[in-house]
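Using the sequences and the hints, build the whole thing.
Number of protein chains: 2
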Amino acid sequence: MAEPLSTDPYKGVRDFYPADWRKMDALFSRIRETLLAWGYEEYNASPLERAELYEAKTSEEIVSEQTYTFMDRGDRKVTLRPEMTPTLARMVANKRRELAFPLRWFSIGNRFRYERPQKGRLREFYQADIDLVGLAEGEADIEIVRLASAILKAFGAAESDFVIRVNSRALLNAACKAAGLTGGDVRQYLRLLDKKAKMTPEAFVAASATISAKDPLSFIKPEAMETFIAKLAASGVGNAVFDPGITRGFDYYTGMVFEVYDTNPANPRALFGGGRYDGLVALWGGDPIPAVGFALGDVTLADFLETHGLLPKLNFGKPQLYIGTPKESDIPAAQAFADTLRAKGARVFVNLGTRALGDQIKDAVKRGIPYFAAYGADEVTSNTIRMKVLATGEEINLPVNELPARLRAGN
Amino acid sequence: MAEPLSTDPYKGVRDFYPADWRKMDALFSRIRETLLAWGYEEYNASPLERAELYEAKTSEEIVSEQTYTFMDRGDRKVTLRPEMTPTLARMVANKRRELAFPLRWFSIGNRFRYERPQKGRLREFYQADIDLVGLAEGEADIEIVRLASAILKAFGAAESDFVIRVNSRALLNAACKAAGLTGGDVRQYLRLLDKKAKMTPEAFVAASATISAKDPLSFIKPEAMETFIAKLAASGVGNAVFDPGITRGFDYYTGMVFEVYDTNPANPRALFGGGRYDGLVALWGGDPIPAVGFALGDVTLADFLETHGLLPKLNFGKPQLYIGTPKESDIPAAQAFADTLRAKGARVFVNLGTRALGDQIKDAVKRGIPYFAAYGADEVTSNTIRMKVLATGEEINLPVNELPARLRAGN
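Protein sequences, first through last, are from chains E and C.
With the numbering used here, you'll find the first sequence wraps up at 411, consecutive numbering, no jumps.
With the numbering used here, you'll find the second sequence wraps up at 1411, consecutive numbering, no jumps.
Simulated from the structure, these hints should not be mistaken for laboratory data.
There's no promise every hint is true.
Simulated pairs of lysine-lysine, DSS-like, Cα-Cα distance not exceeding 30 Å [claimed, not checked]:
no., chain 1, residue 1, chain 2, residue 2
1, C, 1023, E, 318
2, C, 1344, E, 153
3, C, 1318, E, 23
4, C, 1023, E, 23
5, C, 1318, E, 95
6, C, 1011, E, 77
7, C, 1344, E, 231
8, E, 23, C, 1313
9, C, 1077, E, 11
10, E, 119, C, 1077
11, C, 1231, E, 344
12, E, 344, C, 1318
13, E, 366, C, 1095
14, E, 23, C, 1095
15, C, 1366, E, 95
16, E, 318, E, 366
17, E, 153, C, 1318
As the structure is a computational prediction, the values presented were derived from the model and not from experiment.
Structure below.
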């Protein structure tokens, strides 16, 4: 090769070095724990989907401008999933006769959109999709909003840190109708409303006037949403408010919709959101199966947690003990000793190189491993080890069989 | 839409319903635990890679016939990663000045190959890639083979269940040279050797004769591998054998190579394998960085474990308790009660529908949830719950505050 290869990743996607992946893992492990505690079960699917899946129902903008779509070697049109909900609906439709409804399902994984890369917008992002399928509005909608709140609270967020803005597509549709809009105009108005936050008030009013002579939002009947918010408050969610301007981008929503916002005015973007989509599964035939859900992306969540000082500690899964080897010939005995600790659940890194012990200690510090112990002929004989606490320099002599408990206590 | 959409996934990939994903999770969680205990750290990257990454060094067959390669909307040539090693090498090259070597890294995720789908061959499969980067042969090679063995043993496999066939590309190259082969002929011969298991002995001999007048394998000098195997035996791996026919498919291997085989003669395929590739990182410039590693796929591993009765139990993450609601109006109190259990780590499914309690019990059984308890006005008053063990029909009365401990003990 004449020219050296570039070491950069493909444009708009990220490499996750171990410290980066620990951060992702810390986020999604906490989310997974909460979801499992609520009786939700994890599913998954390939990011490769037949393109027709999105042509059917995802928002027009995403399909025509933002998907990765290509022909495979067998001339099938394939899309890398830009979102998970169509896949979920397809899977539910595929086994609708066998599945025990309601389904409480979630999936954590990557989604792909061909966008111009910028802060917070990447071509690949990670998302948790959470859905409750098979129940009409009512307690199911309440559970989903409570769960969205519970996830943020599981990271230590207080209700004062975020607000849940709720609305209803059914109410919006009725208001549009009352204002005299029909068919395509309703859809056009809802899409405009979804973009409102990114426009100046004047631009919004001007664009709105081209669609509707009257302001559809003035026809909203808020009573149903007020009852919903009161129920949420009674069940421990005190920071939900009615916001007739919330619509969500996707065409498939039919009922309650919500978006969670950071209360910090410096971060006015929606953190995440979701809603009810009762018509999607019926695209594959059969009776409609009602569903409600939401999705939570890694980038906005991490930003929110960082702003509020709530990012989980990042030592999850890191090695706890660095075993130094005075001589190369000590390595087999050190590995055998490490095996006894590993069998008891300790995470142990063994030096395999030939550098001096002092350099091995420096190496342990550089790696952020909290404890260091040399293991050579003396330790084999004495069955005692001298463990160095690298943060303080303190040294502890202890019998080797006490080491696993000490490591557990120390981490 | 005139025609209903198909509910099938894209050809050659799998949908993972919760029971399927639990199986994957059980496999890779066990592998992850073992790797963390050995001081390995998890990294990750996007499956989208610039196509040139594979054009440089992956096997010709994979690049020209088996990759998913397409042009993005900005006319960049993109490949869905067919394997992880080139990505690893790229990431290492990208931060070679900052990283603390040796690296003990692993990554678990999906890989893509455009193959004709058949049993055990899918267009998307999951794989754990494990690498030790920055150390030359010797203790590093020993650790990698020991770790491959430790992973199978962590599932309960005995050494009699599998055999580790080891060889060396360096030895093979030297033998080819001694037999008079040069350059392209060596590569051609090694590729033929890699396909030997899929050919009749006669076809192999005939094809071999077109490349080389002499049998290169008769020139192998086995002493170095015999020493290696003796060291493995001394360090607890008693089922490694020398096999001069092992080459591994990829062009980038330079030293020790190995493949793990099921000893069950009904399953003659390699389960997984790996080897040393000291030249790969230097493709991006700079001094070579030696590396050794292996990769383990979900399909062959699951087949092996199933054959030997070693598949892990699949209740990981399933709900433990089904809370029944006598009346719909009991749901808020039932959810609040569930929250107290969730906060203590229990996994709780709350009925939200309106069906009769008897049907709720049947529903719990269908879902495989082990315990059932109704929660209505009586339970709110008495603070006592009657929990039904669904496997036996036994009923236990207990104070609600004893429930979390009981659930932990029962699962």
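Hints and how they fare:
1. For the hint linking residue 1023 of chain C to residue 318 of chain E, the alpha-carbon distance of about 25 Å falls within 30 Å, and the restraint holds.
2. A threshold of 30 Å between alpha carbons decides the hint, and for residue 1344 of chain C with residue 153 of chain E the separation of about 15 Å falls inside it, so the pair holds.
3. The suggested pairing of residue 1318 of chain C with residue 23 of chain E holds, with an alpha-carbon distance near 25 Å, which does not exceed 30 Å.
4. Between residue 1023 of chain C and residue 23 of chain E the CA atoms are separated by roughly 25 Å; this keeps the pair inside 30 Å, and the hint holds.
5. Between residue 1318 of chain C and residue 95 of chain E the CA atoms are separated by roughly 20 Å; this keeps the pair inside 30 Å, and the hint holds.
6. Straight-line distance between C-alpha atoms of residue 1011 of chain C and residue 77 of chain E comes to about 11 Å, which keeps the hinted pair within the 30 Å bound.
7. A C-alpha spacing of about 25 Å is found between residue 1344 of chain C and residue 231 of chain E, which places the hinted pair at or below 30 Å, so the restraint holds.
8. The straight-line distance between the Cα atoms of residue 23 of chain E and residue 1313 of chain C is roughly 29 Å, inside the 30 Å bound, and the hint therefore holds.
9. The suggested pairing of residue 1077 of chain C with residue 11 of chain E holds, with an alpha-carbon distance near 11 Å, which does not exceed 30 Å.
10. Distance restraint check for residue 119 of chain E and residue 1077 of chain C: the Cα-Cα separation of roughly 24 Å lies within the 30 Å cut-off, and the hinted pair is therefore satisfied.
11. A threshold of 30 Å between alpha carbons decides the hint, and for residue 1231 of chain C with residue 344 of chain E the separation of about 25 Å falls inside it, so the pair holds.
12. Restraint check: the Cα-Cα separation between residue 344 of chain E and residue 1318 of chain C comes to about 26 Å, which is no more than 30 Å; the hinted pair holds.
13. Straight-line distance between C-alpha atoms of residue 366 of chain E and residue 1095 of chain C comes to about 15 Å, which keeps the hinted pair within the 30 Å bound.
14. Distance hint between residue 23 of chain E and residue 1095 of chain C is fulfilled; the C-alpha atoms sit about 19 Å from each other, no more than 30 Å.
15. This hinted pair checks out: residue 1366 of chain C and residue 95 of chain E have alpha carbons roughly 15 Å apart, not beyond 30 Å.
16. The hinted pair formed by residue 318 of chain E and residue 366 of chain E meets the criterion: a straight-line CA distance of about 13 Å does not exceed 30 Å.
17. Between the alpha carbons of residue 153 of chain E and residue 1318 of chain C the distance comes to roughly 22 Å, so the proposed pair stays at or under 30 Å and holds.
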